[in-house]
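Asker: Protein chains in written order, with my numbering: chain F, 1 to 666; chain R, 667 to 767; chain U, 768 to 937.
Wrong hints could be hidden among the right ones.
Said to hold, decoys possible - Which residues of chain F face chain R? A few of them, derived with a C-beta cut under 8 Å, are:
1. Gln-637
2. Asn-640
3. Ala-641
4. Arg-642
5. Ala-645
6. Thr-646
Said to hold, decoys possible - No farther apart than 25 Å at their CA atoms in a straight line, the calculated lysine to any residue pairs in the SDA-like style are these:
7. R:Lys-766 x F:Lys-562
8. U:Lys-934 x R:Val-709
9. R:Lys-766 x F:Ile-307
10. R:Lys-766 x F:Glu-635
11. R:Lys-766 x U:Ala-861
12. U:Lys-934 x R:Gln-752
13. R:Lys-766 x F:Arg-627
14. F:Lys-562 x F:Ile-307
15. F:Lys-419 x F:Leu-606
If you're looking for bench data, these hints aren't it; they were derived computationally from the structure. Owing to the predicted nature of the structure, the values given are computational and were not obtained by experimental measurement. Built from N, CA and C at the ideal position, the CB exists for glycine as well.
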Amino acid sequence: MFILNHLWIILALPLLGAAINGLLGRHWPKWAVNTVGIGSVSLSFLGVAELVREFMRLNAAQVPWFVRYFNWISVGSFSVDFALQVDQLTLVMLFIVTFVSLLVHIYSTGYMAHEGGYARFFSYLNLFVFFMLTLVMAANLVLMFVGWEGVGLCSYLLIGFWFLKKTATTAGNKAFITTRLGDFGFTIGILLAFWAFKSVDFGAIFNRVSPMPVESTSGIGILTAICLLLFAGAVGKSAQLPLYVWLPDAMEGPTPVSALIHAATMVTAGVYMVARMHPLYSRAPLAMFVVALVGALTAFYSATIGILQTDIKKVLAYSTVSQLGYMFLGCGMGAYAAGIFHLMTHAFFKGLLFLAAGSVIHAVGGEQDMRNMGGLRKKIPVTYWTMLLATLAIAGIPGFSGFFSKDEILEAAGAGPHKNLALWLLGLIGAGITSFYMFRLVFLTFFGKPRYNEKKVRVHESPQNMLVPLIILAICSVIGGWVAAPHLVGGSDYFESFVHPVFASYEAQPVVAQQESLAGGASTEGGIQPNPEMEVLQAVTGPPVIAAVLGLLLAWWFCIRKPSAATKAIRNLHGLYTLVYNKYYVDELYAALFIRPLLWISTNVLWHTIDEKIIDGAVNGTAHISREMGGRLREIQSGNARTYATWVVIGAVGFTVLLLGLWMVR
Amino acid sequence: MSVPISYYLVLSAILFGLGVIAFVFKRNIITIFMAIELMLNAVNLAFVAFAHAWNQLDGLVFVFFVIVVAAAEAAVGLAIVITIAQNRRSLNVEDVNLLKF
Amino acid sequence: MSLPLIVFFACGVTAVLGAVLLIVAREPIHSALSLILVMVSLAVLYLLLGAEFIAAVQIIVYAGAIMVLFVFVIMLLNAGVEERTNLSKMAKYAGVPLGFFLLLEIAHWFWRSAVGARIANGSGTVNASAVSTRDLSMQLFQQYLFPFEATSILILIAILGAVVLAKRGE
Numbered sequence: 001m002f003i004l005n006h007l008w009i010i011l012a013l014p015l016l017g018a019a020i021n022g023l024l025g026r027h028w029p030k031w032a033v034n035t036v037g038i039g040s041v042s043l044s045f046l047g048v049a050e051l052v053r054e055f056m057r058l059n060a061a062q063v064p065w066f067v068r069y070f071n072w073i074s075v076g077s078f079s080v081d082f083a084l085q086v087d088q089l090t091l092v093m094l095f096i097v098t099f100v101s102l103l104v105h106i107y108s109t110g111y112m113a114h115e116g117g118y119a120r121f122f123s124y125l126n127l128f129v130f131f132m133l134t135l136v137m138a139a140n141l142v143l144m145f146v147g148w149e150g151v152g153l154c155s156y157l158l159i160g161f162w163f164l165k166k167t168a169t170t171a172g173n174k175a176f177i178t179t180r181l182g183d184f185g186f187t188i189g190i191l192l193a194f195w196a197f198k199s200v201d202f203g204a205i206f207n208r209v210s211p212m213p214v215e216s217t218s219g220i221g222i223l224t225a226i227c228l229l230l231f232a233g234a235v236g237k238s239a240q241l242p243l244y245v246w247l248p249d250a251m252e253g254p255t256p257v258s259a260l261i262h263a264a265t266m267v268t269a270g271v272y273m274v275a276r277m278h279p280l281y282s283r284a285p286l287a288m289f290v291v292a293l294v295g296a297l298t299a300f301y302s303a304t305i306g307i308l309q310t311d312i313k314k315v316l317a318y319s320t321v322s323q324l325g326y327m328f329l330g331c332g333m334g335a336y337a338a339g340i341f342h343l344m345t346h347a348f349f350k351g352l353l354f355l356a357a358g359s360v361i362h363a364v365g366g367e368q369d370m371r372n373m374g375g376l377r378k379k380i381p382v383t384y385w386t387m388l389l390a391t392l393a394i395a396g397i398p399g400f401s402g403f404f405s406k407d408e409i410l411e412a413a414g415a416g417p418h419k420n421l422a423l424w425l426l427g428l429i430g431a432g433i434t435s436f437y438m439f440r441l442v443f444l445t446f447f448g449k450p451r452y453n454e455k456k457v458r459v460h461e462s463p464q465n466m467l468v469p470l471i472i473l474a475i476c477s478v479i480g481g482w483v484a485a486p487h488l489v490g491g492s493d494y495f496e497s498f499v500h501p502v503f504a505s506y507e508a509q510p511v512v513a514q515q516e517s518l519a520g521g522a523s524t525e526g527g528i529q530p531n532p533e534m535e536v537l538q539a540v541t542g543p544p545v546i547a548a549v550l551g552l553l554l555a556w557w558f559c560i561r562k563p564s565a566a567t568k569a570i571r572n573l574h575g576l577y578t579l580v581y582n583k584y585y586v587d588e589l590y591a592a593l594f595i596r597p598l599l600w601i602s603t604n605v606l607w608h609t610i611d612e613k614i615i616d617g618a619v620n621g622t623a624h625i626s627r628e629m630g631g632r633l634r635e636i637q638s639g640n641a642r643t644y645a646t647w648v649v650i651g652a653v654g655f656t657v658l659l660l661g662l663w664m665v666r
Numbered sequence: 667m668s669v670p671i672s673y674y675l676v677l678s679a680i681l682f683g684l685g686v687i688a689f690v691f692k693r694n695i696i697t698i699f700m701a702i703e704l705m706l707n708a709v710n711l712a713f714v715a716f717a718h719a720w721n722q723l724d725g726l727v728f729v730f731f732v733i734v735v736a737a738a739e740a741a742v743g744l745a746i747v748i749t750i751a752q753n754r755r756s757l758n759v760e761d762v763n764l765l766k767f
Numbered sequence: 768m769s770l771p772l773i774v775f776f777a778c779g780v781t782a783v784l785g786a787v788l789l790i791v792a793r794e795p796i797h798s799a800l801s802l803i804l805v806m807v808s809l810a811v812l813y814l815l816l817g818a819e820f821i822a823a824v825q826i827i828v829y830a831g832a833i834m835v836l837f838v839f840v841i842m843l844l845n846a847g848v849e850e851r852t853n854l855s856k857m858a859k860y861a862g863v864p865l866g867f868f869l870l871l872e873i874a875h876w877f878w879r880s881a882v883g884a885r886i887a888n889g890s891g892t893v894n895a896s897a898v899s900t901r902d903l904s905m906q907l908f909q910q911y912l913f914p915f916e917a918t919s920i921l922i923l924i925a926i927l928g929a930v931v932l933a934k935r936g937e
């Protein structure tokens, strides 16, 4: 019962590591910084492992496990505690965060070995882990928001890690400001929730929501409003349409950062939030539809951009945006467990993809453009094989983790209680496109003739500390799906039953009835339990598999077999090609619509007019007036005795008039 | 018929006023000084008139002192005027403007 | 028209005339002489008011010493015609009218005052009894002894000051 009673340790260790490395690490040797940085996260990971062990021994009544440490804010009826809670969902997130963080920390010792600011990097990474853990363990909305903002801060710091590089700092700004827009909605959502439920604690809110019926879709009830506002924050943080623009630019940061923050953990905070708030979302069908719609659209849209990108990290960035869309699609369809499961598998294979990409970039001496790579297969075999495994996972090839998770989501979209054929179709086509561009990436990078200067670039495999995390993640990418493998392959669908208690709680009544009629068995909000025969059929000939294989074949055709076909297609579809290649000109659109007018207002109205003319004018004007008055007044001191004499006379006259008046009156 | 005291007082007032005008109007330092003496004399007249009116001696004593102080003041003042005149080579009061801002 | 009244008017007019001449004169020496004229007529007026001692002191000290000092200084400095400078507009346009106003105001005050009325009603007309010098000196050396001594020290200081200033002038 040790960790359960001392949950704060898991949080405090990374914070301590951040403080030590940040304050003292600058002059320490690398091994000391590594010890502190990796040590704190590994201890946290061990803490999580121990937590899982202890958690398993709890009975149902003790879940969620709740610890309140102290009262943080108390203003009138608004009270926020520093309180942590642990349930199955928390455990999944804790595991993902600490596990992937640990691997990224180990990887960073190799990748950042030649970089300046080494201790600063690890300090920021540890700080990020602290905030992320706060986010997932928080027991109320406000504390979660603290973690939410904190990871945003760390993201900004890490994107702009090489702060002397203008593009990096601009990207950091873009990330922070764009997510800010979403956070604004999030804040209002929290306030609205407090207003509606008189509390921000999850337990209290869910208890009050429990007896509420499912809201109608004709109009925006209070639950729908709260859900939509909270989702606005998720749109920003998890880079969905229309606030996804910061994620591709965030690739300015070091690759471990991209792996950890912009693939595995921070961007998944939005998905976690939706899953955590499932009692509200389940009762707000309109909000759920919006979530699913945004998810599906983003998944498809972002995948199309990924087809033509040439920077290896940018492809992965757009891929992340796309996969996050799938997670939201799953949650929006009520398949929360499926969404979270995809979150987990995505953390494995996307983290692996980024780390491997970093390894490739390291191997070719800093080149990130895939057009200047090629033929690296034999030269960096470990990187190649791990990346290939990750690609197979993300493409949804059966047997790998991504297949199981993506398949579940598409099942929920196509046959679940909230099914929507259009969204299912978007997701399906997106899956095919995903497969295409991921295999294109692999083929362009590792196959064909080397397109780089073989004399200048000495291709070398990465050191051990970079390769080991790759291998571990590759193993997870392969077997990670098996924890949720449906019964047909002998899997126990363990994941789903594990998190089932979370999503089954606070169920809304009508939906349960609907569920039972559909599946004919004990069903949950967390996903559907189809019958075995259907599953076999789907697994083998299901459309997602077809799409994935089709994508692979197309990639092989265009990239290896007949590249000329690609150039011919580009020539024929030149307009479309330009549009997609320039990412639909969204950044330019935003710049014209929002940024330039805002800058104009800031410069001309706020700066020149208000600040310079009005405020400075008032302040300087006061000084000017004082000076002028002083200048006029000092002329009285003319030095001219006659004038002084006149003043004396004036005074005398006045005095006598006064006296005369008084005397007369008396 | 004797002279009513008010006549003396009015005369005193007239002399005083003329002294003020001279004080303000003239430009020569010495002339300004003389205007001051004129004012003092006007005041003396008033004092003497009142002393006569109330049949008391205090007014006369006061006049005595006024004359004495006027003498002292004239001595010192003229010494200063001489010093200034020798430094500035001008007796125009408007040239004594070192107190100008 | 009694003699005192005639004398009063004569001397009064002379005094006023002298004062006006003081203002009007272009040369400082003319102003000094007009001031002497004023003082002498005032001395006569003092006599009319029965203050012989004061009249004598006025002639001896004021007209005889102080004004002579003035004349000495004017001659020493060779004060010439006053130039017409125009620096103080305030003095010209505000001072002079205000001076006039002051004059009229105080005169009006004295004329209309109850003091003057009471005096004019007879409680304080000029009577033949002159104040004796003896009484005056009794007052001076008994009741006003301290001021007397103080003024003598004042004169001492003035002498010292004048000597120092004159010496530095060299």
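Asker: Each hint: holds or not?
Answerer: Each hint, compared with the structure:
Hint status for Gln-637 of chain F relative to chain R: holds, with the closest Cβ pair at about 5 Å, below 8 Å. Of the supplied interface hints, the one on Asn-640 of chain F holds, with its beta-carbon coming within about 6 Å of a beta-carbon of chain R, less than 8 Å. Satisfaction of the interface hint for Ala-641 of chain F is found here, the shortest Cβ-Cβ separation to chain R being roughly 5 Å, below the 8 Å cut-off. The criterion of a C-beta within 8 Å of any C-beta in chain R is met by Arg-642 of chain F, whose closest approach is roughly 6 Å, and the hint holds.
About 5 Å separates the beta-carbon of Ala-645 of chain F from the nearest beta-carbon of chain R, less than 8 Å, and the hint is met. The criterion of a C-beta within 8 Å of any C-beta in chain R is met by Thr-646 of chain F, whose closest approach is roughly 5 Å, and the hint holds. Simply put, Lys-766 of chain R and Lys-562 of chain F have alpha-carbon atoms about 97 Å apart, too far for the 25 Å limit, and the pair is violated. The hinted pair formed by Lys-934 of chain U and Val-709 of chain R fails the criterion: a straight-line CA distance of about 34 Å is larger than 25 Å.
Distance hint between Lys-766 of chain R and Ile-307 of chain F is unfulfilled; the C-alpha atoms sit about 84 Å from each other, more than 25 Å. This hinted pair checks out: Lys-766 of chain R and Glu-635 of chain F have alpha carbons roughly 8 Å apart, not beyond 25 Å. Pair hint Lys-766 of chain R plus Ala-861 of chain U holds up; C-alpha atoms about 20 Å apart against a cutoff of 25 Å. This hinted pair checks out: Lys-934 of chain U and Gln-752 of chain R have alpha carbons roughly 12 Å apart, not beyond 25 Å.
Of the supplied pair hints, the one linking Lys-766 of chain R and Arg-627 of chain F holds, its CA atoms being roughly 18 Å apart against a limit of 25 Å. Between Lys-562 of chain F and Ile-307 of chain F, the direct Cα distance comes to roughly 17 Å. Compliance with the 25 Å bound is thereby established for this hinted pair. Of the supplied pair hints, the one linking Lys-419 of chain F and Leu-606 of chain F is violated, its CA atoms being roughly 50 Å apart against a limit of 25 Å.
The structure fails hints 7, 8, 9, 15 (numbered hints given earlier, in ascending order).
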